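A.B. asks: Letter by letter, the chains look like this.
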Amino acid sequence: MADENVIQALEDKIAELRRLVERDGVDLREELALLEQRLQALRREHYRGLSDWDRVRLARHPGRPRGLELVIRVCEDFYELRGDRMGGDDPALRGGLARLGERPVMVLFHHRGSSKEEQRACRAGMALPSGYRKAARLMRLADRLRLPLVTFIDTPGAYPGVEAEERNIAGAIAECIATMLSLSVPTVAVILGEGGSGGAIALAVADRVLMLENATYTVISPEGAAAILWKDATAAPQAAQALALSAPRLLELGVVDEVIPEPLGGAHVDPEATAQVVRASLIKHLAELQALPVDRRRHLRYSRYRNAGSRGTKAKAG
Amino acid sequence: MPIRRDDRDRYVEVELRRGEEPLWLRCGSCGELVFRRKLQENSYICPRCGAYFFLTAEERIAALVDEGSFEDLTLPLESDDPLSFSDRKPYADRLKEARGSTGLSDAVVVGRGRIEGRKVILAVMDFRFIGGSMGIVAGEQLAFAMERAVEERVPFLFVVASGGARVQEGVLSLLQMAKTVAARERLAEAGVPYIAVLTYPSTGGVMASLASLADVTLAEQGALIGFAGPRVIQQTTGEKPPPGFQRARYALEHGLVDGVVPREGLRQELARLLRVLEGVPSG
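For the record, the sequence lines run as chains A and B. Going by my numbering, the residue at position 146 of the first sequence is 146; the numbering climbs one at a time, nothing skipped. Going by my numbering, the residue at position 243 of the second sequence is 243; the numbering climbs one at a time, nothing skipped.
Just chain B, with the same shape it has in the complex (with noise of 0.2 angstroms):
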């Protein structure tokens, strides 16, 4: 039986685990062995069973802007583990592995680009750096792009993909929710035009600070959109989520946000978007 296309969304599965090779990526939802450029051209969706693979900030960029657009204004900046943190492993051996496995200095890339020839600086997080964890250098690269957009004055677009705050660096990741927000209400000020885009997972304290406080606010389908994950509900309150709890059909089903895309149109939705924008901020 077809699917109808309101409910497409609850069956949209999102992997974060995919097995990767040079030439080819594994499927974590179905198994299924499938060519990277194949994948590519088919919005890194799986032909087989429909699931959306997580991208990692490259791969985002590069389906949103127009291609050689993408100058890359991440500050050169880096975590020195400022709280000394260790649990089972030391941070600084989390972070040195993080780094080495995305090439990466942290969970968030900067740019300038233009999508269908309209300019944005964007900031995108990168899922595979410690879950996208906002620590306080994630917080400088947010806080750095919306200055950006506001000495430019271009739109900021933020591709969200976040567990939260990043615990090991404590309460100094905790602010970087009002750092963010600081830099956010300058923004406003300027009327420069924020534009939000959730994916899976825009959770935390991410989405309790800057990613709540969008102009416009677009969820990509399948997206997982809340402050506590399922489990800390269950186990606090007893309460059992309903099907399709915190995904982005659900979330424009509560008004929290302005429309679910699915990934493919995603780059249109935004140029439609951007065009109608076109103008803001004036002068």
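Extracted from the complex, chain A is given alone in its bound form (with noise of 0.2 angstroms):
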């Protein structure tokens, strides 16, 4: 299998030759050319055998369209929305008014930051109980304008700190699902990157939730796993493997509805490609949802909550 670090080396090589392109108005079309068909070729034979390891690490991806960029490739007119009304307002966890495909929604979604400032400000997308509070009150504000509500989940978990303990990380998550649970509009969920257990699932209790195809979504990292159960941190990777976290698996198991297709070679390969496809299965799910009357909606979306995972449980033996 064709190594990563084969193809980082590629990338980066092209890149700086476009630079230099641009730069100095060399002609480097043909040596440019040779070399993006030889990057796609060792893509190709990269991406038939993914490991789930290989996915946790596509998920992180520096290059990796995130948060921001993303919903504003998705949506069109982005107009956020602030602050918790209880004393904070948190980067990591973001939301607002939108428009998308004709209709206005709420978005919500997980930020990391582009700038190395920025990513600080937004501690790497773990958002704080300020974030989940917003992102419940944003969820009320849509019910009572009857806007549908997407979100889009990108965290490697909520932020782990001891202000966040002290001012109810648990209890602002909890409150986020059980007001996303209790809405009467339509809601879509897309994890995009990493969907990082209780952070992420504060986001992703929707009617329907779609997954990019290189995203994850864990109860645990797969470090964490690899820490707590085996022991070993170099474990991390059959971890991923046991976690069942690609969206494959998940397809499989019942938890996602739709696994997103991603460019060949992931997302950051080509965000404007990656966001069309997003746009389009979202406007086609939330069509869907708006078809089904109000009651309809809800109960299929208590059953399904209600049972989720009961397949797994059987009779007790003897």
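What the hints contain is simulated information worked out from the structure, not anything from laboratory work. Everything numeric in this text was worked out from a predicted model, so none of it was measured. Using N, Cα and C, we set each Cβ at its ideal position, and we do this for glycine too. One or more hints might be untrue.
What the hints assert, rightly or not - In silico EDC-like pairs for lysine to aspartate or glutamate, Cα to Cα no more than 20 angstroms straight-line:
1. B:Lys240 / A:Glu163
2. A:Lys231 / B:Asp87
3. A:Lys314 / B:Asp72
4. A:Lys316 / B:Asp81
5. A:Lys314 / B:Glu97
6. B:Lys89 / A:Glu223
Claimed, not checked - Under 8 angstroms between C-beta atoms, here's a sample of chain B residues computed to sit facing chain A:
7. Leu73
8. Leu77
9. Leu172
10. Leu174
11. Leu175
12. Val181
13. His254
Please dock the two separately framed chains into a single complex, following the hints provided.
C.D. replies: Right under this line is the structure:
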């Protein structure tokens, strides 16, 4: 199988040559075309046999389109709303009004930041209690204004800090889950990158759950599972496999409704193409949901979560 | 020097290790051998050092409900190991061992009982069963218990002892957070009171769902209450948690719980609360 490092090196080389072309106006079209061809071939080879651990790394790829960047490509006229109205505004969990396929919607998303500084402020997408309280506030607002809710999930998990604990991060997540389950409007969640445990499910209890091909959704990070269960940090790849965190496995398990294909090589290769596929899928699911009477929709949502995983039990032996 | 009552919580050791023999238990904290009968009379608090022994679901139930009033309603369900999970040891083997050593089918026991005459539907977690972790079966038992409480119009009491979601059932465990919260919505709509008692430990996914959504939340003295454990906090953020962090008294000071109750007073406290709630749900 083609080595990721080789692919990365080739990607870097191509980017470097492109800069050269731009800066000095050197004609390198032929060379670039050859390298591109080689890169595509390597990617095809590599992405045929992706392990779950490869997907974990793709989901974390620094170039992967994230939060705000993707929302702006997927929706028109994003109008941000801020603050939990209780003393805080968390840049790691953002939201607001937007238009999607001619209709107004409420969007919520984790945000990791693009500049170094912004990334620090966003704590790599690990949201605080104030983030989850803002999310719950905007969910209630969506219900009041009859706006469908679309959430985009990409977080390693909720922020594990002393102050987050003191401000009841657990309670803020619980409240978010309860609020999202109780909405009358249609809800769709898209897992974009990392769907890390409680911090992810707080935005994921939707009528439809979609997942990008190389995103992950898991109860614990593979590294965390490796440390706890294998007592060995190097066992993370095995843990990734065992946890069934990949989109195809979660589709099989009925946890997600649709796997959204990514461009060859991953979403970072072509963020715009990725966004357009996400957009088309969202419009389709929202139209389907909108066609259902409210009671029916709510009933379906309730049974979906009330019966989650019930096939994974059996009558007690003996 | 006597410990001020308010600070007592910070000095309560809760011992998850307890050496067991048919007639006696060894305190994991000070090493004292205590006769089981004596320990039982002392609410499973070490007579020598004051450490709280953790309680099995059965012991917890016996300590809370009127003698002879408990009826076990636990659904006869077991985990089917839906991911065929294996780490250093197959999950199927861990389940078999846990079932064997506890006599339980999973980490939650459900039942009907009375506390000083007043009916409750209880769900009690047993920490011995894979750390009281919530997988599909535990989620199912909790949802079922709440549905029973709605049907019988009787207050729901949830005694928490859990490290969080069960890793070995992956996202399906995570979804039990949604399942229990969905069932709790029905409970709330029906106006049936829900009382949570948080003990050592009440953390992770259980805390970030059902356990945080009670109408009245009590913490047993010494309880550990939070989302992320101190080790994860330190590793991820470099912050050093302050003394008493995430313990019952600390939770009270930060507005997370309605009260902190010493173990020996818990039954009476619940009786007092149920008395005040007499007539709820109405009709």
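A.B. asks: Each hint needs a verdict: does it hold in this structure or not?
C.D. replies: Hint-by-hint comparison with the structure:
The hinted pair formed by lysine 240 (chain B) and glutamate 163 (chain A) meets the criterion: a straight-line CA distance of about 11 angstroms does not exceed 20 angstroms. For a cut-off of 20 angstroms, the pair hint linking lysine 231 (chain A) to aspartate 87 (chain B) stands: about 10 angstroms separates their Cα positions. Between lysine 314 (chain A) and aspartate 72 (chain B), the direct Cα distance comes to roughly 19 angstroms. Compliance with the 20 angstroms bound is thereby established for this hinted pair. For the hint pairing lysine 316 (chain A) with aspartate 81 (chain B), the CA-to-CA distance comes to about 13 angstroms; that is within 20 angstroms, so the pair holds.
Taking the CA atoms of lysine 314 (chain A) and glutamate 97 (chain B), the gap is about 17 angstroms. The hint holds against a cut of 20 angstroms. A C-alpha spacing of about 17 angstroms is found between lysine 89 (chain B) and glutamate 223 (chain A), which places the hinted pair at or below 20 angstroms, so the restraint holds. About 14 angstroms separates the beta-carbon of leucine 73 (chain B) from the nearest beta-carbon of chain A, more than 8 angstroms, and the hint is not met. Annotation: interface hint on leucine 77 (chain B) holds; nearest CB of chain A at approximately 5 angstroms, less than 8 angstroms.
Below 8 angstroms, beta-carbon pairs count as interface contacts, and leucine 172 (chain B) has one with chain A at about 4 angstroms; its hint therefore holds. A distance limit of 8 angstroms between C-beta atoms decides the matter here; for leucine 174 (chain B) the minimum to chain A is near 5 angstroms, and the interface restraint holds. Annotation: interface hint on leucine 175 (chain B) holds; nearest CB of chain A at approximately 4 angstroms, less than 8 angstroms. Annotation: interface hint on valine 181 (chain B) holds; nearest CB of chain A at approximately 5 angstroms, less than 8 angstroms.
For histidine 254 (chain B), the interface hint holds, the least distance from its beta-carbon to any beta-carbon of chain A being 5 angstroms, beneath 8 angstroms.
Against the hints set out earlier in the document, a violation occurs for number 7 only.
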